[in-house]
Amino acid sequence: MKDKQAIIDQLRERISAIEWPQDAAATSYAVGIGEIDKALKHGGVTAGSCHEIICSQSGPALGFLLYLLSSMTKIKGPVLWCSDNQEFYTPGFEKYGLKDADVIFVETNNQQQALWAMEQGLVCDDFSAVVLNAKRVSLAQGRRLKLLAQKHGSTAVLMIKPESLIDLPTIAKTRWLITAEASSGRPSRNGIKLVGQPRLKINLLKNFGGPPLSWTVEFDDRTLRFHTLSRILPSANQDRPESINSGARERSA
Amino acid sequence: MLVKEAHRALYVSDLSHHEYNLGLRLNMPLAHAKAIAPDLIHVLHDDEYFRQEFLRLSLSAMVFSPHVAVDDNYGLVVNITGCANLFGGEPNMLSAIKDHFLQLGFYIQPAIAPNPLLAKALAYCQSETIVDGPSKNYLENLPTKALFIDETITRGLYDLGIVTIGALARLPKKMLAKRFGINLINKLDQLNGSIHLPLTYLPEKPQFVLSEHFTSPIRSHEYFIQAVNQLIEQALGQLNRHYLTLSSMVILLEDSGKKIRSLSIASSQPNNELKHWCELVFLQTQDLRFKDGIDSMQLQLTNFERIKPQQNSFSKKKESINQLSFVADKLKSRLGSKAVFHLRKTEKYLPEHGVVKDFLLTRNIEQQPQQKLPHRPIMLLKKPIPVTVIALLPDNPPAKIMWHKQVFNVLHANGPERIESPWWDHSHEPSRDYYYIEDDRGKRLWIYSYGQPKSWFIHGIFA
Chain U
1 MKDKQAIIDQ LRERISAIEW PQDAAATSYA VGIGEIDKAL KHGGVTAGSC HEIICSQSGP
61 ALGFLLYLLS SMTKIKGPVL WCSDNQEFYT PGFEKYGLKD ADVIFVETNN QQQALWAMEQ
121 GLVCDDFSAV VLNAKRVSLA QGRRLKLLAQ KHGSTAVLMI KPESLIDLPT IAKTRWLITA
181 EASSGRPSRN GIKLVGQPRL KINLLKNFGG PPLSWTVEFD DRTLRFHTLS RILPSANQDR
241 PESINSGARE RSA
Chain L
1 MLVKEAHRAL YVSDLSHHEY NLGLRLNMPL AHAKAIAPDL IHVLHDDEYF RQEFLRLSLS
61 AMVFSPHVAV DDNYGLVVNI TGCANLFGGE PNMLSAIKDH FLQLGFYIQP AIAPNPLLAK
121 ALAYCQSETI VDGPSKNYLE NLPTKALFID ETITRGLYDL GIVTIGALAR LPKKMLAKRF
181 GINLINKLDQ LNGSIHLPLT YLPEKPQFVL SEHFTSPIRS HEYFIQAVNQ LIEQALGQLN
241 RHYLTLSSMV ILLEDSGKKI RSLSIASSQP NNELKHWCEL VFLQTQDLRF KDGIDSMQLQ
301 LTNFERIKPQ QNSFSKKKES INQLSFVADK LKSRLGSKAV FHLRKTEKYL PEHGVVKDFL
361 LTRNIEQQPQ QKLPHRPIML LKKPIPVTVI ALLPDNPPAK IMWHKQVFNV LHANGPERIE
421 SPWWDHSHEP SRDYYYIEDD RGKRLWIYSY GQPKSWFIHG IFA
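These protein sequence lines map, in sequence, to chains U and L.
For the first sequence, the working numbering gives the first residue as 1, with consecutive numbering after it.
For the second sequence, the working numbering gives the first residue as 1, with consecutive numbering after it.
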């Protein structure tokens, strides 16, 4: 009986190695928010794969991305950022821990160029991440990026614009939707409260090897870190156990 | 025989020994010269051509010393400090230089002296002299002409009965300066070596130009790339032999219509990687159309530098910087050199001048002393969006913002922060009052009011 189990485990390991060759020894970048990192499979955003941030509100989504990138650049090299929109303002980046020299921007004229630039970046394993701002990335395009990222151990982050695509299938390992929440405000003398610490609602819509979750987080100006205020389980997924797939993987690990 | 145009007639400007023996002289009218020797061929003196040829000749002297300078009237100065012993002493070097130019077909009059002006004077008057000992002895009998100064001064000196530099040097300097100007004294001092003669040395690097002519015009990109690759391979081979690394090159393409197209290809880090250079050319030319076909192609290596001796490091770090710059090069060659950059903070207060693009991608720049600015957005709109605003009191922060059909109920507001254009800027733009506001749904914006009556704009977005 014991032998049988061992054989099954062995076979599972082999299958998973074929399915996700880099998964066995996946390096990951911690997001830097304790509870979120705990919910992610490898304790953070895995390298060698694609991640997607839905950009329905550009401010909050960008804020979260900056925070994520800052923890990546601290471990590895700079970030390559391909975008046709060049309205980023680096003096504001510093608050989220990202330095000027950490980001190399690539200005492109169309999405085709941006995708090409991204592929060039993914091939070079010196970048901690390659970011793409795009209207939408088709499955075929996404798969191409994923395969490249997987092969070279680089990380792709897609900033996807419209919210309507949230339910479409994706090649990304994680898919995030970041929305803003009003801060608690700070008292002031003239009656109108001052703006408090920025608050974000982080919805982890797709979580490879784990359940989708969402949190409300608040930025702390003193520690320059986000910390969670509350965790909300989406009602639709509340009664769903952890996915079968991930359960199997955990046993084999 | 060379002729020059002057006073609406042609005059002899240069001649050979043979022509001199025939009785021709410098500055003789051409008609006169032709009367003496009717079969002689004359060529119009082309200054530009001569300058180019002379420069080419001078560059060949770099085999003797890396420091070669060109004089204004076709003199060549080679700084041989520390080089003579490589040729077995100064006399040997002198004859080696002479032989070198003789092989090229030129008879030269060289001289070696402790300072360039003395060497020039000696080359002019007593060729093949090597100054060995105090320069005073050599100066004694040199004619004043060897000073290479204004004709009027030499003539003035002649009138005074001074024909040698030795005699000139014995005269009191103060008087000479008064009469003939300070220039004469300077020249004398330079001749003595007491004043340094400034020399502009030719750029040390020799030019590398490779060209290729095709028997039939190239029309397909594939063949073109093949041809370019071969050319680059040759060029890099040459550079490697000279211990040089390449940082930029220009490719000139001439099509059948004699139209010339130039491509400039640059790498942010000098390197001799064939694959990398070919890739850059490929990326830059892939959208090119070869309608007329390419007849010939020229590759000019425009910028290169000496390979620096490098210590092998244990870590892979050095290599990785290289890789990164390679990617940047590739992106630049397809998307244009202005497409890849860092956004750097500046010290300026006006938000739209707050960042500049740094195309050089310098990584470890010194961090300027940062002034702590109040809240700054992470996105700054290129064109501020005009909005309608309701405020409770004229000087209060806005309470409601209307944009198109959207209404933002302002919950919290920081400000105002007044930002003015600097006083030395005469644009006289009214100052702006910035507010950092947050609405009830958590939208955080940077808005400003300006002018009287106030008009409001959204300028930035916060996380």
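It should be emphasised that the hints constitute simulated quantities derived from the structure, not laboratory data.
Just so it is clear, CB atoms sit at the ideal spot from N, CA and C, and this is done for glycine as well.
Treat the hints with caution; some may be incorrect.
To be verified - So, partial list: chain U residues that the calculated Cβ filter (under 10 angstroms) puts toward chain L: (1) Glu35; (2) Ala39; (3) Gly59; (4) Ala61; (5) Leu66; (6) Leu80; (7) Thr90; (8) Gly92; (9) Glu181; (10) Leu200; (11) Leu204; (12) Leu205; (13) Asn207; (14) Gly210; (15) Pro211; (16) Leu213.
Cross-check of the supplied hints:
no., hint, in the structure
1, Glu35, "19 angstroms, violated"
2, Ala39, "21 angstroms, violated"
3, Gly59, "4 angstroms, holds"
4, Ala61, "9 angstroms, holds"
5, Leu66, "7 angstroms, holds"
6, Leu80, "7 angstroms, holds"
7, Thr90, "4 angstroms, holds"
8, Gly92, "4 angstroms, holds"
9, Glu181, "4 angstroms, holds"
10, Leu200, "7 angstroms, holds"
11, Leu204, "18 angstroms, violated"
12, Leu205, "19 angstroms, violated"
13, Asn207, "22 angstroms, violated"
14, Gly210, "25 angstroms, violated"
15, Pro211, "25 angstroms, violated"
16, Leu213, "20 angstroms, violated"
Of the numbered hints given earlier, the model fails hints 1, 2, 11, 12, 13, 14, 15, 16; all others are met.
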